[in-house]
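Trainee: Just need the whole structure built from these sequences, with the hints factored in.
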Amino acid sequence: MADAFTLQRRRRAIHGWLLLAPSLVMLTAFAFYPSAATLWASLFSRGTRRRPAEFIGLENYGRLFDDPTFWLVATNNLLYAGVTIPLSIALALVMALWADARIPARSFVRTAYFTPTVLPMIAAANLWLFFYTPGFGVLDRIGGLFGAASVNWLGQPETALWAVSAVTVWKEAGFFMIFYLAALQTIPPDLREAAAIEGAGRWTYTRRVVLPLLMPTTLFILVNAMINSVKLIDHLFILTRGGPSDASKLILYYVWENAFAFFDRPAAAAMTVLVLAGLGTLAALQFLVIDRRTHYR
Amino acid sequence: MSRAMPQPSRNHAEAMLAILVALLWISPLVFALWAAFHNASDAASFDLGAPWTLANFRTAWAGAPWLTYLLNSFLLVSLVLAGQLVLTTLAGFAFAQVAFRGKDTVFLLVLLQLFILPEVLIVENYRVAARLGLLDTLLGIGAPYMASAFGIFLMRQTFRSVPKELDEAARVEGCSLLGVLWRVYVPAARPTYLAYALVSISTHWNNFLWPLIVTNTEGTRPLTVGLSIFAAPENGVDIAVISAATVMTAAPLVVLFLVFQRQFVQAFLRAGIK
Numbered sequence: 001m002a003d004a005f006t007l008q009r010r011r012r013a014i015h016g017w018l019l020l021a022p023s024l025v026m027l028t029a030f031a032f033y034p035s036a037a038t039l040w041a042s043l044f045s046r047g048t049r050r051r052p053a054e055f056i057g058l059e060n061y062g063r064l065f066d067d068p069t070f071w072l073v074a075t076n077n078l079l080y081a082g083v084t085i086p087l088s089i090a091l092a093l094v095m096a097l098w099a100d101a102r103i104p105a106r107s108f109v110r111t112a113y114f115t116p117t118v119l120p121m122i123a124a125a126n127l128w129l130f131f132y133t134p135g136f137g138v139l140d141r142i143g144g145l146f147g148a149a150s151v152n153w154l155g156q157p158e159t160a161l162w163a164v165s166a167v168t169v170w171k172e173a174g175f176f177m178i179f180y181l182a183a184l185q186t187i188p189p190d191l192r193e194a195a196a197i198e199g200a201g202r203w204t205y206t207r208r209v210v211l212p213l214l215m216p217t218t219l220f221i222l223v224n225a226m227i228n229s230v231k232l233i234d235h236l237f238i239l240t241r242g243g244p245s246d247a248s249k250l251i252l253y254y255v256w257e258n259a260f261a262f263f264d265r266p267a268a269a270a271m272t273v274l275v276l277a278g279l280g281t282l283a284a285l286q287f288l289v290i291d292r293r294t295h296y297r
Numbered sequence: 001m002s003r004a005m006p007q008p009s010r011n012h013a014e015a016m017l018a019i020l021v022a023l024l025w026i027s028p029l030v031f032a033l034w035a036a037f038h039n040a041s042d043a044a045s046f047d048l049g050a051p052w053t054l055a056n057f058r059t060a061w062a063g064a065p066w067l068t069y070l071l072n073s074f075l076l077v078s079l080v081l082a083g084q085l086v087l088t089t090l091a092g093f094a095f096a097q098v099a100f101r102g103k104d105t106v107f108l109l110v111l112l113q114l115f116i117l118p119e120v121l122i123v124e125n126y127r128v129a130a131r132l133g134l135l136d137t138l139l140g141i142g143a144p145y146m147a148s149a150f151g152i153f154l155m156r157q158t159f160r161s162v163p164k165e166l167d168e169a170a171r172v173e174g175c176s177l178l179g180v181l182w183r184v185y186v187p188a189a190r191p192t193y194l195a196y197a198l199v200s201i202s203t204h205w206n207n208f209l210w211p212l213i214v215t216n217t218e219g220t221r222p223l224t225v226g227l228s229i230f231a232a233p234e235n236g237v238d239i240a241v242i243s244a245a246t247v248m249t250a251a252p253l254v255v256l257f258l259v260f261q262r263q264f265v266q267a268f269l270r271a272g273i274k
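Residue numbers (full-length UniProt numbering), protein chains in the order written: chain A, 1 to 297; chain B, 1 to 274.
Everything labelled a hint here was simulated from the structure, so no lab data went into it.
For glycine and all other residues, C-beta sits at the position ideal for the given N, C-alpha and C.
There's no promise every hint is true.
Computed footprint of chain A on chain B, listed as stretches where at least three residues anywhere in the stretch have a Cβ under 8 Å from a Cβ of chain A [what the hints assert, rightly or not]:
no., segment
1, 95-109
2, 115-124
3, 136-146
Below, a sample of chain A positions facing chain B; criterion: calculated Cβ distance under 8 Å [said to hold, decoys possible]:
no., residue
4, ALA31
5, PRO244
6, SER245
Mentor: This is the structure:
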């Protein structure tokens with residue numbers, strides 16, 4: 001009897017691993033192995049035809065920390081995250097509250113907010129190019145109506161990063177709105193009635209009842225927005241190419257540039273390891289803090 | 001007490017604001033659409049009375065192998081989706097309904113991939129693709145996305161909610177493990193499949209960085225990469241023609257979205273909520 005039981009357990013284990021095998025093979029080839037290889041590559045010198053790559057420990061990291069461009073790019077990315085994350089989340093919330101309220105043309109409003117989400121970032125960047133181009137861009141024309149001087153939004157270091165950030169916010173807000181919209185629809189309507197009976201105004205109701213109930217959604221969106229602040233760089237290729245003088249360059253773009261334009265694999269690898277470490281911390285935070293909170297929901 | 005009832009005037013102002021933001025939000029798209037049908041100088045001078053023309057579309061169409069790009073995007077999206085559906089179904093089923101040792105550890109490893117984004121690993125993924133002979137192929141663009149941790153997670157959650165009685169009934173009838181998966185779990189997960197498919201299609205139709213890196217000939221480039229090359233400043237294409245090309249490339253998905261709007265939004269909701 002015990003034997004039959006063991007046999008059955010063994011068979012189940014074989015089935016389980018067989019079912020997982022295709023996914024594990026692909027994950028190993030395109031996630032686990034490359035991660036390990038990145039770490040490994042970051043410890044070796046850049047090989048040339050005459051001199052093969054050799055182990056140099058943490059020298060690549062030292063070189064990276066001595067590179068002023070790296071610090072500029074890291075700062076840019078922090079600013080980019082610092083602007084796009086809160087702005088797109090706040091906008092998403094306001095949009096969701098509007099799209100959930102009883103207003104005229106509600107479905108048009110909803111569609112309009114969400115449409116940028118289905119556009120490729122590359123196409124979105126092309127659309128925004130017309131807004132930013134000095135001379136005949138839409139922003140300049142509108143500025144011209146009020147007598148403002150022409151501004152080269154993408155061409156000057158002071159504004160390029162903000163111009164790029166605006167496109168990201170435009171693209172993301174409608175996407176995040178959807179999650180808020182879903183959460184709003186799970187709030188029982190009697191809460192609103194109860195609040196009204198208690199004499200709470202709409203603002204009080206939103207602040208004291210709706211916002212706390214939306215907290216798990218906000219955390220979920222926050223994690224997504226943080227990941228996007230690393231990942232969303234497609235529009236740089238169209239709008240600024242990281243310029244002028246690296247003013248709008250972000251980390252992943254710099255990784256790409258190092259690897260595929262400067263052919264400096266060790267530098268790209270070292271930077272990737274730092275990004276992975278950052279994302280890993282985020283993952284740990286998500287598992288430890290956020291998941292626990294949402295479980296109690 | 002009177003504050004409890006929303007004041008109509010404030011509501012009106014708010015609705016106006018909501019609609020104003022909505023107009024602002026689609027204005028880049030509307031402007032590009034308008035510019036695409038006017039010649040460059042009229043588009044640049046904002047002449048609303050200017051005559052309409054299709055010349056930009058003709059120029060744009062002749063300027064690049066759009067049909068090849070379109071076909072590539074279509075094949076790529078289908079390939080990725082097919083791979084994802086098979087892999088995530090099998091893995092999700094294993095995690096949800098098969099009990100074996102080491103499962104939880106492996107599941108944690110899989111979840112890790114939610115954060116090890118393929119986008120971040122471009123450098124080493126390129127070398128893996130090169131070693132496997134996948135450079136400049138559609139399979140090379142799609143392969144890193146097939147074992148999607150997100151998809152596996154989603155399928156696991158869905159399969160877990162399938163009533164155990166259905167599973168047992170099928171087993172009593174003599175179904176094998178794969179038979180149970182195919183006859184009981186897959187049909188029960190149909191809404192999740194639809195949701196996941198829509199999210200996957202829109203993600204990969206719009207993907208850019210990795211396809212840019214892996215492809216280097218016209219024969220394999222998807223629309224996004226083709227558009228970026230066509231609109232590159234070195235090519236000196238004017239703004240109206242770029243508008244036309246942008247409208248052309250964005251149109252399939254936007255039209256699909258407008259037609260299936262409800263399903264689309266539901267899909268994103270379903271995919272996002274654990």
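Trainee: Now look at each hint and say whether the structure bears it out.
Mentor: Evaluated hints:
Only residues whose beta carbon comes within less than 8 Å of a beta carbon in chain A count, and the segment 95-109 of chain B has 8; three or more means the coverage holds. Given as covered by chain A, the segment 115-124 of chain B passes the check, having 10 residues with a CB less than 8 Å from a CB of that chain where 3 are the minimum. For the segment 136-146 of chain B, the stated coverage by chain A is satisfied: 3 residues place a CB nearer than 8 Å to a CB of that chain, which reaches the threshold of 3. For A/ALA31, the interface hint holds, the least distance from its beta-carbon to any beta-carbon of chain B being 5 Å, beneath 8 Å.
For A/PRO244, the suggested interface contact is broken, since its CB lies about 14 Å from the closest CB of chain B, more than 8 Å. Checking A/SER245 against chain B: minimum C-beta separation of about 17 Å lies over 8 Å; hint violated.
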